[in-house]
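Residue numbers (numbering that gives the first Met the number 0), protein chains in the order written: chain R, 0 to 282; chain W, 0 to 268; chain A, 0 to 374.
Incorrect hints may have been included.
[Said to hold, decoys possible] Straight line, CA to CA, 25 Å or less: simulated SDA-like cross-link-like pairs of lysine to any residue:
#1 R:K41 x R:L245
#2 A:K341 x A:F237
#3 W:K131 x R:Y49
#4 A:K82 x R:D174
#5 A:K82 x R:L189
#6 A:K313 x A:A302
[What the hints assert, rightly or not] Which residues of chain A face chain W? A partial, calculated answer using Cβ under 8 Å:
#7 P79
#8 F158
#9 T225
#10 A227
Hint data in this document are derived by calculation from the structure and do not stem from the laboratory. By construction, the Cβ of each residue, glycine as well, lies at the ideal position given by its N, Cα and C atoms.
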Amino acid sequence: MTSVEERREQRRHLLALAPALVVLTVLFVYPLLGIVTRSVYKSGYTLDLYRQIFRVPVYLQVLGGTFKVSALVTLVCLLLGYPLAYVLATRRPRTAQLLMIIIVLPFFTSIIVRTYAWMVLLGRNGIVNEYLMALHLTAAPLPLLYNQAGVVIGMTYVLLPYMILTLYSVMRGIDPGLVRAAHSLGASRLQAFRRVFLPLSLPGIAGGTLLVFILSLGFFITPALMGGPGDMMIAMLIEREVEITLNWAFASALAVVLLALTLVGFVGYNRIVRLERIFEGRG
Amino acid sequence: MADDGQRRGPGTVAVAALAGAVLLFLIAPVIIILIVSFSGADYLSFPPPYLSLRWYQRFLGTPSWRQAIVVSTQVAVLTMLFATALGLLAALALVRGHFRGKGAIYAVLLSPMIVPTIITAIGLYFFFVRFKATGSILAMALGHTVLALPVVVIIMAAALQGFDLRLEHAALSLGASRLTALRRITLPLILPGLFSAALFAFLTSFDELLIPLFLSGVEVQTLTVRVWNSLVLEVDPTIAAVSSFLIGVTTVVLGASALLRGRGDVTPT
Amino acid sequence: MAPPEGLDGGAEVRLQALTKTFGPVVAVRDVSVTIDRGSFFTLLGPSGSGKTTTLMMVAGFAHPTSGDVFVDGKPMAALPPQKRDLGMVFQSYAVFPHLTVYENVAFPLQIRKAPRLEIVHRVAEALELVRLTGYERRLPRQLSGGEQQRVALARALVFRPRVLLMDEPLGALDKKLRAHMQLELKHIQQRLHVTVIYVTHDQEEALTMSDRVAVMQSGRIEQVGTPAELYDRPGSRFVADFLGESNFLDAVVVAAEHDGRWRCRAAGGLEFSGMAAAALSAGQPVTAAVRPEKLVPADEPGAAALGASANTCKGMVEEAIYVGDVTRYRVGLGADGAVVIKMPNRVGSRPPSTGAALALAWSPEDTRLFPRASA
Chain R
0 MTSVEERREQ
10 RRHLLALAPA
20 LVVLTVLFVY
30 PLLGIVTRSV
40 YKSGYTLDLY
50 RQIFRVPVYL
60 QVLGGTFKVS
70 ALVTLVCLLL
80 GYPLAYVLAT
90 RRPRTAQLLM
100 IIIVLPFFTS
110 IIVRTYAWMV
120 LLGRNGIVNE
130 YLMALHLTAA
140 PLPLLYNQAG
150 VVIGMTYVLL
160 PYMILTLYSV
170 MRGIDPGLVR
180 AAHSLGASRL
190 QAFRRVFLPL
200 SLPGIAGGTL
210 LVFILSLGFF
220 ITPALMGGPG
230 DMMIAMLIER
240 EVEITLNWAF
250 ASALAVVLLA
260 LTLVGFVGYN
270 RIVRLERIFE
280 GRG
Chain W
0 MADDGQRRGP
10 GTVAVAALAG
20 AVLLFLIAPV
30 IIILIVSFSG
40 ADYLSFPPPY
50 LSLRWYQRFL
60 GTPSWRQAIV
70 VSTQVAVLTM
80 LFATALGLLA
90 ALALVRGHFR
100 GKGAIYAVLL
110 SPMIVPTIIT
120 AIGLYFFFVR
130 FKATGSILAM
140 ALGHTVLALP
150 VVVIIMAAAL
160 QGFDLRLEHA
170 ALSLGASRLT
180 ALRRITLPLI
190 LPGLFSAALF
200 AFLTSFDELL
210 IPLFLSGVEV
220 QTLTVRVWNS
230 LVLEVDPTIA
240 AVSSFLIGVT
250 TVVLGASALL
260 RGRGDVTPT
Chain A
0 MAPPEGLDGG
10 AEVRLQALTK
20 TFGPVVAVRD
30 VSVTIDRGSF
40 FTLLGPSGSG
50 KTTTLMMVAG
60 FAHPTSGDVF
70 VDGKPMAALP
80 PQKRDLGMVF
90 QSYAVFPHLT
100 VYENVAFPLQ
110 IRKAPRLEIV
120 HRVAEALELV
130 RLTGYERRLP
140 RQLSGGEQQR
150 VALARALVFR
160 PRVLLMDEPL
170 GALDKKLRAH
180 MQLELKHIQQ
190 RLHVTVIYVT
200 HDQEEALTMS
210 DRVAVMQSGR
220 IEQVGTPAEL
230 YDRPGSRFVA
240 DFLGESNFLD
250 AVVVAAEHDG
260 RWRCRAAGGL
270 EFSGMAAAAL
280 SAGQPVTAAV
290 RPEKLVPADE
300 PGAAALGASA
310 NTCKGMVEEA
320 IYVGDVTRYR
330 VGLGADGAVV
340 IKMPNRVGSR
350 PPSTGAALAL
360 AWSPEDTRLF
370 PRASA
């Protein structure tokens, strides 16, 4: 291809990219920049709003609470997700694919539906309490809704597929011959798991926890519906400042803080996901 | 002694049981809601004392719910068209083009997936409020397009990478113009991927809550926003019927997409 | 060299009526063989012959549908692989990518809770055995395929197993490296007196390294013997074809001669004598197999040495194929068929020319007869 044709080709491709990039720039990048500028402007350029976030106890509480809930959700997702991912990854691909449907269907269902389902299940007269009392496991209905327990359960339900899929993709890449080799060398099942499989699944654990944690930080719908008055998370605060107190500048500052945390998290995630390639030895 | 030579001990059973419990945890709520939506009683109990379609009648009988379905569908269809068109072009350029900065462009195109949706939503709100465009179907569709673009680009890039460029070259060598080759050779072969991407764009829009939460008007509400507003007030059993409807839409989209993928590997080697 | 202390030679391994089915598919069918202690035994066969499945049953990674494996008289069926104390080297090396060379080789000793000083000493010994001293700190991804294979070998030997199982370990190496490793493996085995059960589809490899070979096809053992026995006296057409090259001629039995010798007539009337393992009957269709190097041009001195009872035939040279150290000649025998002979390209040799008539002679002892199902 001559260079004239090459350049024409290149121009064609750039032209094809243009519409998507224009839409994103106008409707996404530009608004983001707008948020950032809003966050540092309050009758003059200032970092006051940020100071507000990190000085005023109420807001620090929200930040702290967001972190705490996110950490809790991440932990539960890891504990529940690892065994399932392990079982899936060590099955034949066809069986695994069939079981995957059970994971994928909730994954693509709207968050509002998933949250609502748990509201129905966890209420005082909800289905879970109904059965717990019928089985005499508890005398009075357990408060599982409109508190931190409810938020954690609801968010775990939504985020579990992310953890499972991340772990699964890493575990699938672990050569089963390695565990077999460990057995041939005398390792018991527990030893083979602890010394060979677990270390090799570490990139998946790191990636999964980071992903779920970052996503948890920005959650709004589930904590808003299932949490109590003391369970405010940062995204809920942003919404309140925009819709109710109309404090858009402050909301923007909060948004920037959330965005920064998210970006840091994703950079780390990217690094880990690439790190796992190194472990792919030959064989 | 199992077939692979390992004994099935208590540890294996425990792990399998835990995995099974988690699977149950994942699917049970969806199934329970589906079942409970047919409950004839005034409250949602499981299993329902008797079955009835009353909540569906309420759902489809109420004008505001019906209107919400219409709004959601309109927005989703527009999103599907916008996102698929823009995403297809972008994917074509990225997969076939040779230019610097591809990594950065990919990052920009995929960034709506990374940025928390609440931030994207308030950004769009600040933007559209200036044009008094809240409550506009077009505004919501544009907002959803931002979210759906990464999905379309990823699916289309994968489909295009699986496409054998030599087929297009063969068409060109036989005298077809670039556009004709694209239209008659490439497009038909990547059609399954294209439909799949379109379906996911539709679903992304139909399921979305945060963006329409900020961009909705009093009259113009998507289905999800209507559910949200109802939930904030009280847990109305009608919502179970609405939820089942949304689950149904998801299932149909996933099923159609899986069928398309099954028929998608037509590219000869 | 005497075996290292603590090792009094390899174990005897006995496979008894091993059968393995996967649903309707019979992968291994009634395999029985005894492998002497300290010997190098190879399971040879094409892919799908069941050789790897058999090895997996010995290792414990596949549970026999029926039959059992005995190591020094001890039955193995109820033991999972980790309790069998057998060393194994896999085709894919299976070297742990997250551990250094030292940690890989030390692994089995750590599992067995050996004291740290002993581990250091034994790992050094094992690495010296495979000539990887100095590689302790390296990670597998920094090693070549051959080096990784040697780490796998050191790891499998460091805990002094009495049996070493190897599943096509050299398959991924290039030809020169493979030939070199074959000799290394053989020397290591001789040095340690460990029993080796080796699986391969490469017949040259099997002939080079083994004390005894079992040729497998479709899940069954076709023949067991030393390399020489298998090569000179193949028991079936399959073995004659799989090991080395053979010429095949369709013929019919005419009459019995003495001592397992039979007179046959080929399709075009050519008569010759050959050896058969079992009794044949007059009129029975057979296939005769003769190795190319056993066919000698009648005017060469070697032909006279065959004696008066030698088989002879007359043909015409159709094609000459030069292969470097030898030249192959395709000799047409008319209606009887065609054969390929091999002649070394030595100084002063007078090669036959294409189109020339050529008479050949060969010994009845080198003619193996196998019953043929009439087509």
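The hints, checked one at a time:
Restraint check for K41 of chain R and L245 of chain R: satisfied, since their Cα atoms lie roughly 14 Å apart, inside the 25 Å limit. With a C-alpha separation of about 21 Å, the suggested pair K341 of chain A and F237 of chain A falls inside the 25 Å cut-off, and the hint holds. For the hint linking K131 of chain W to Y49 of chain R, the alpha-carbon distance of about 29 Å lies beyond 25 Å, and the restraint is violated. Taking the CA atoms of K82 of chain A and D174 of chain R, the gap is near 22 Å; set against the 25 Å cutoff, the hint holds.
Restraint check: the Cα-Cα separation between K82 of chain A and L189 of chain R comes to about 14 Å, which is no more than 25 Å; the hinted pair holds. A distance of roughly 14 Å separates the Cα atoms of K313 of chain A and A302 of chain A; the hinted pair therefore holds under the 25 Å criterion. Given the 8 Å rule on beta carbons, the hint for P79 of chain A holds: about 5 Å separates it from the nearest Cβ of chain W. Look at F158 of chain A: its Cβ only gets to about 19 Å from chain W, farther than 8 Å, so that hint breaks.
Annotation: interface hint on T225 of chain A violated; nearest CB of chain W at approximately 32 Å, more than 8 Å. At about 36 Å, the closest approach between the beta carbon of A227 of chain A and any beta carbon in chain W exceeds 8 Å, and the interface hint on this residue is violated.
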